[in-house]
Amino acid sequence: MKTIVEVKNLIKNFPIGTGVFTALKGVSLSFLEGEFAGLVGPSGSGKTTLLNIIGTLDVPSEGEVIVLGKSVGKLTPKDAAQLRKEELGFIFQNYNLLPVYTVFENVEFPLLLLNMNTDERKQRVMETLKWVGLTEKVNSRPSQLSGGECQRVAIARAMVKRPKLVLADEPTANLDAANSHNILQTMEKLNKELKTTFIFATHDEKVIGYLHRIIRLSDGKIVEDETPNP
Amino acid sequence: MKNKKYKQDKSNLIPLQGLGVMIKMAIRSLIGNGLKTWLNVFVLSFTFVLIIFMQGLLEGWNRQALNDTVKWEIAGGEYWSLKYDPYDPFSLDSSAAVMPATLKSEYNAHEIEPVLFSLGTIYPGGRMQSVLLKGIRADQHLIALPTNLLKPTSENDVPVIIGGHMANQANLKVNDLVTLRWRDINGTFEAVDIRVAGIFVTSVPTVDVGQIWLSLDQLQKMTVRPGASTIIIKSEDVSAQHLTQWPFKDQSELTKQTTAMIKAKSNSYNVLYTIFFLLALIAIFDTQTLSIFRRQREIGTLVAMGMTQRQVVGLFTLEGTMNAVLAILVGAVWGMPLFVIFSINGIHIPMDVSSFGIPMADRMYPVFTPTLIAGTMTLILIVTALVSYLPARKIARMNPTEAIRGKAL
Numbered sequence: 000m001k002t003i004v005e006v007k008n009l010i011k012n013f014p015i016g017t018g019v020f021t022a023l024k025g026v027s028l029s030f031l032e033g034e035f036a037g038l039v040g041p042s043g044s045g046k047t048t049l050l051n052i053i054g055t056l057d058v059p060s061e062g063e064v065i066v067l068g069k070s071v072g073k074l075t076p077k078d079a080a081q082l083r084k085e086e087l088g089f090i091f092q093n094y095n096l097l098p099v100y101t102v103f104e105n106v107e108f109p110l111l112l113l114n115m116n117t118d119e120r121k122q123r124v125m126e127t128l129k130w131v132g133l134t135e136k137v138n139s140r141p142s143q144l145s146g147g148e149c150q151r152v153a154i155a156r157a158m159v160k161r162p163k164l165v166l167a168d169e170p171t172a173n174l175d176a177a178n179s180h181n182i183l184q185t186m187e188k189l190n191k192e193l194k195t196t197f198i199f200a201t202h203d204e205k206v207i208g209y210l211h212r213i214i215r216l217s218d219g220k221i222v223e224d225e226t227p228n229p
Numbered sequence: 000m001k002n003k004k005y006k007q008d009k010s011n012l013i014p015l016q017g018l019g020v021m022i023k024m025a026i027r028s029l030i031g032n033g034l035k036t037w038l039n040v041f042v043l044s045f046t047f048v049l050i051i052f053m054q055g056l057l058e059g060w061n062r063q064a065l066n067d068t069v070k071w072e073i074a075g076g077e078y079w080s081l082k083y084d085p086y087d088p089f090s091l092d093s094s095a096a097v098m099p100a101t102l103k104s105e106y107n108a109h110e111i112e113p114v115l116f117s118l119g120t121i122y123p124g125g126r127m128q129s130v131l132l133k134g135i136r137a138d139q140h141l142i143a144l145p146t147n148l149l150k151p152t153s154e155n156d157v158p159v160i161i162g163g164h165m166a167n168q169a170n171l172k173v174n175d176l177v178t179l180r181w182r183d184i185n186g187t188f189e190a191v192d193i194r195v196a197g198i199f200v201t202s203v204p205t206v207d208v209g210q211i212w213l214s215l216d217q218l219q220k221m222t223v224r225p226g227a228s229t230i231i232i233k234s235e236d237v238s239a240q241h242l243t244q245w246p247f248k249d250q251s252e253l254t255k256q257t258t259a260m261i262k263a264k265s266n267s268y269n270v271l272y273t274i275f276f277l278l279a280l281i282a283i284f285d286t287q288t289l290s291i292f293r294r295q296r297e298i299g300t301l302v303a304m305g306m307t308q309r310q311v312v313g314l315f316t317l318e319g320t321m322n323a324v325l326a327i328l329v330g331a332v333w334g335m336p337l338f339v340i341f342s343i344n345g346i347h348i349p350m351d352v353s354s355f356g357i358p359m360a361d362r363m364y365p366v367f368t369p370t371l372i373a374g375t376m377t378l379i380l381i382v383t384a385l386v387s388y389l390p391a392r393k394i395a396r397m398n399p400t401e402a403i404r405g406k407a408l
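Same order as they appear, the protein sequences are chains A and B.
So the first sequence is numbered by numbering that gives the first Met the number 0: it starts at 0 and just counts up by one.
So the second sequence is numbered by numbering that gives the first Met the number 0: it starts at 0 and just counts up by one.
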């Protein structure tokens, strides 16, 4: 299987006042195509920082991160945006749906950025909404949806362009248990059928139970990398 | 589930489609803002209509004033006697001169009309009033004065015509007789009873206020200045000659003062709608700043989905500019009928404007040219775009990871 992400001796520093805070202290790991893996650790362990760098939303201070063959630290803002637009999907803790758009329009948005033609866009959106079971809510606005439904829209939005890699930052943090399981089952199914790589940042035990590979972080370092459910 | 690659429609891969997407997004966000958008749009549309209306009114006034001045006073321009100074009444007597021989043929063809000026005094109803006497040929056709009424009906008849404001000032009516006193070239005072043969209505105060028109022959005889005139009005159909003793003043020179006074009025109106415009722009600036603050998560999400931060700046700038587009559309809906009504029916000016010193009809017709409308639209769009861009610039400096969490600002 192909390596999707390769992290080599990654260090990330943040300026704080007159000093520097090191969020990641020499992290090295890699992810293969089709993995369903999670970065697990308490708050402040560096999991979100690592996820953001893999997602090209941030850059390494030292070391190298290679995503789909491209070195994140060497990408121009335009190239990074292009990579995110074509190959990466994001799922956020707070769903981050566009409030003035309907469900259909939220899911359609990444395809508009890819200049997909109208007919194919429509077909693709409806197909994706069918995966997440929201075809009857196409004309609803996010304010009219429950938390679980909002997160399923976010998953659909992340998946609609068939990305190679989906990054999910605490996707179940604002959901109850039933919805959390529902979301995770959906994502697991998508991972199996589409071979999309999923990387989670989480400290939720419910999520950990679904992960095929668990990378534990503590204080900016990897303390464990296990594969309980290969 | 199939994981096939999507078909890229290459015919759509042109910058315009990207712009179309952004316009669609901008409109959607604007409408999503609800009342705030419509308040901004209303104020901006009011400013848009006000600017066009006031500028149209001034343009109409300017055109009307210039047209009326040409029609009632200057025709194609004037030759002035070398010593004539319109600002020195004491020069009037000494400035009259005989018309040059080179203008004889044009004189005979009525392509020029000499006018003699002299000072006098009338005594209407026992009061005394200084007047400027102007003598012109009764059979002239260059200016709109009803000079055909200046032909005497009997030997002792001295018919005159006066303007409406003059008639009001002196309390004179048609066929009234009033005593006129003047000094001839020898300094001798003379007097005669003049008959008001006609009262004309004009917007040009410089042929009306404080003036009495009579036959040129009659005035030349009265002042013992045979063949003399102070100015010579030229037809628009003939070219001006270069005469050293009679310098020519063309239409633009003679209407310079009128144009300058109207322009001064324009400057004061500029202040008025600049204030309205600034209010609208401040509202848009505030809305943009608040919008960017409230929509940090959205900004971060757009970046995560593959827009560059510059594109997001462009999106928010476009959104702000759409306020102007909407304002123009709304302004067109309620402004156009007003423009049409007023340009056809005019606006009645219910005040005595004779003291203004410049031609101002009692009914003004605004002129709304395509240049005016297009220019105002362009101004509003450009300035609104700039005001929308200024607060949007900070998006380019936002950290997207913090924006996603709503903590970038």
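No lab work stands behind these hints: they were computed from the structure.
Any given hint could be a false lead.
Claimed, not checked - Below, in silico cross-link-like pairs of lysine-lysine (DSS-like), each with a Cα-Cα straight-line distance of 27 angstroms or less:
id	chain 1	residue 1	chain 2	residue 2
1	B	Lys172	A	Lys220
2	B	Lys172	A	Lys73
3	A	Lys77	B	Lys220
4	B	Lys103	A	Lys77
5	A	Lys24	B	Lys172
6	A	Lys84	B	Lys393
7	B	Lys23	A	Lys121
8	A	Lys188	A	Lys205
9	A	Lys7	A	Lys73
10	B	Lys406	A	Lys136
11	A	Lys220	A	Lys188
12	A	Lys129	B	Lys23
13	B	Lys220	B	Lys172
14	A	Lys84	B	Lys406
15	A	Lys194	A	Lys69
16	B	Lys248	B	Lys103
17	B	Lys172	A	Lys77
18	B	Lys248	A	Lys84
Stated by the list, open to error - Here are the simulated distance ranges between beta carbons:
id	chain 1	residue 1	chain 2	residue 2	range
19	A	Gln184	B	Gly31	32 to 42 angstroms
20	B	Leu277	A	Asp118	15 to 25 angstroms
21	B	Phe292	A	Gln184	49 to 59 angstroms
Predicted model, so just to flag it, every value in this text is computed and none were measured.
Here a beta-carbon is modelled for each residue, glycine too, at the ideal position from N, C-alpha and C.
So, going through the hints one by one against the coordinates:
1. B/Lys172 to A/Lys220: violated, 108 angstroms
2. B/Lys172 to A/Lys73: Violated - the C-alpha atoms of A/Lys73 and B/Lys172 are around 94 angstroms apart, more than 27 angstroms.
3. A/Lys77 to B/Lys220: Roughly 92 angstroms between the alpha carbons, so the hint for A/Lys77 and B/Lys220 is violated.
4. B/Lys103 to A/Lys77: violated, 82 angstroms
5. A/Lys24 to B/Lys172: Roughly 105 angstroms separates the two Cα atoms, so the pair is violated.
6. A/Lys84 to B/Lys393: Holds, because 23 angstroms separates the two Cα atoms, which is no more than 27 angstroms.
7. B/Lys23 to A/Lys121: Holds. B/Lys23 to A/Lys121 sits at ~17 angstroms (cutoff 27 angstroms).
8. A/Lys188 to A/Lys205: This hinted pair holds, its Cα atoms lying about 16 angstroms apart.
9. A/Lys7 to A/Lys73: Status holds; Cα separation ~14 angstroms.
10. B/Lys406 to A/Lys136: Status violated; Cα separation ~31 angstroms.
11. A/Lys220 to A/Lys188: With Cα atoms ~30 angstroms apart, A/Lys220 and A/Lys188 exceed 27 angstroms; violated.
12. A/Lys129 to B/Lys23: This hinted pair holds, its Cα atoms lying about 26 angstroms apart.
13. B/Lys220 to B/Lys172: Answer holds: B/Lys220 to B/Lys172 is near 26 angstroms, not above 27 angstroms.
14. A/Lys84 to B/Lys406: holds, 23 angstroms
15. A/Lys194 to A/Lys69: holds, 20 angstroms
16. B/Lys248 to B/Lys103: holds, 19 angstroms
17. B/Lys172 to A/Lys77: violated, 84 angstroms
18. B/Lys248 to A/Lys84: violated, 71 angstroms
19. A/Gln184 to B/Gly31: 32 to 42 angstroms: For A/Gln184 and B/Gly31 the Cβ distance comes to about 33 angstroms; the hint holds.
20. B/Leu277 to A/Asp118: 15 to 25 angstroms: violated, 48 angstroms
21. B/Phe292 to A/Gln184: 49 to 59 angstroms: violated, 38 angstroms
The structure fails hints 1, 2, 3, 4, 5, 10, 11, 17, 18, 20 and 21 (numbered hints given earlier, in ascending order).
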